[in-house]
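A.B. asks: Hey, can you work out the whole structure from these sequences and the hints?
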Amino acid sequence: MAFQSYSSSDQLLHRQGERMFGGAGLGSTRRLSLFFATLCVVDLFGVFPIVALPKSIISCGLYGIPLVLFVITLQIYTAVVLGRCWTIAEKLDPSIVAKNRYPYAAIAEFTYGRRMSVFVTVLLDLTVFGGGIPNLLVAAQNLQLLGARVSGGTFEISFCYWLLIIGLLLCPIMWLGSPKNMRTLASVSVVVCSSVAILTWISIGEDRAGSFTPFKDIVLGMPPFVQLLKAYGIIAFQFDIHPMLLTIQVDMQHKRQIGKAVLFGILTTCTLSVITTFLTAYRYGMDATNNVLQILPRSWSLYVTILLRRR
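Going by this note's numbering, the first residue of the sequence shown is number 1, and it counts up by one from there.
No wet-lab data here; the hints were simulated from the structure. Every residue, glycine too, gets a C-beta built ideally from N, C-alpha and C. You can take every hint at face value.
The calculated label-pair distances, taken between Cβ atoms and stated as ranges, are:
hint	residue 1	residue 2	range
1	Leu-267	Tyr-303	28 to 36 Å
2	Ser-33	Leu-229	33 to 41 Å
3	Leu-220	Ser-33	41 to 49 Å
4	Val-304	Leu-220	29 to 37 Å
5	Arg-115	Ile-165	35 to 43 Å
6	Ser-33	Arg-84	18 to 26 Å
7	Trp-300	Leu-267	29 to 37 Å
C.D. replies: Structure below.
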C-alpha cells in the first residue's frame with residue numbers, strides 16, 4: 001500500500017511537471033501531429049535546396065545522384081537514432097521532460113554531467129548561427145538582385161544593408177516560441193517553398209533567349225575529388241536537420257514518429273529540388289549559377305520568386 005501510494009504521488013507530480021514545464025505551454029496548445037511535424041521539417045530546409053543546390057549536383061554529373069542518396073540516407077538514419085536517444089532518456093528519467101526547452105543540453109547533462117551540457121549548448125548555438133548565415137546572405141543577395149532587375153540597374157542597394165534589414169525583421173518571428181506554437185507559420189512556409197519551386201520552373205520554361213544545347217558541357221565521368229567534397233559539404237549542410245530535430249520531437253504528440261516526419265519532409269524537399277535541378281541542367285547545363293535565380297531572365301515569375309525567397 002505504501003509503495004502504491006508513493007507511486008501514485010510520483011505520477012501526479014510528473015504530470016504536474018509536464019503541464020508546468022514540458023507539456024502544452026498554457027494548457028491549450030496542442031502537440032504536433034505527424035503532418036505538422038513534417039511541415040516543420042520542410043520549413044527547416046526552406047527554399048535553399050531548391051535555388052542553391054542544383055549547381056552542386058550538376059557539377060558532379062551522374063555522380064551527384066549517388067552522392068545525394070548517400071547524404072539523405074545518412075541524415076535520415078542519424079535523425080532516427082537521435083530521436084530514439086530522447087525516447088530512451090524519457091524512460092530512464094521521466095523528469096527530463098521538464099527540460100524540453102533545451103533537449104540537447106538535457107541529454108548531455110543526463111549522460112555526462114553539467115560540463116558536457118554547457119559544451120553541447122555552445123556547439124549547438126554555433127551550429128545554428130553558422131547555418132543561418134548562408135540563408136540570410138542568399139535572401140539579401142536576392143533582394144539586391146530584385147532591385148537591380150526591376151529598375152534596370154538604377155536602384156541597387158548592397159546586400160550588406162539588406163542583411164541587416166532582414167535580420168531585424170526576422171527577430172520578432174524567432175521569439176514566437178517552439179514549433180508547436182508555429183503551426184500557421186510552418187504551413188505558410190511550406191506554401192511559399194512550393195510556390196518558389198513552381199515559379200522557378202515557369203521562369204526556366206519562359207527563357208527562350210537564343211538557342212541552347214540541352215545538358216550543355218555536363219560531364220558524365222568522374223568529377224575532380226575537390227568538387228565532390230564541395231558538393232558533399234553543400235548537400236550535407238542543406239539537409240542537416242539535427243540542430244532542430246529534438247526541438248520538433250519534444251513537441252510531437254507521438255514522439256516515436258519523428259523518423260517518419262523526417263522521411264516525409266526530406267522526400268518533399270528532394271522532389272522539389274530534383275525537378276529544379278533537372279530543368280536547370282537541361283536548359284543551362286554547366287552555365288548554371290550557384291544561385292539559380294541569377295541566371296533567369298527578367299519576368300514577373302522571377303520577381304515574385306525573389307520576393308517569396310525572403311522568407
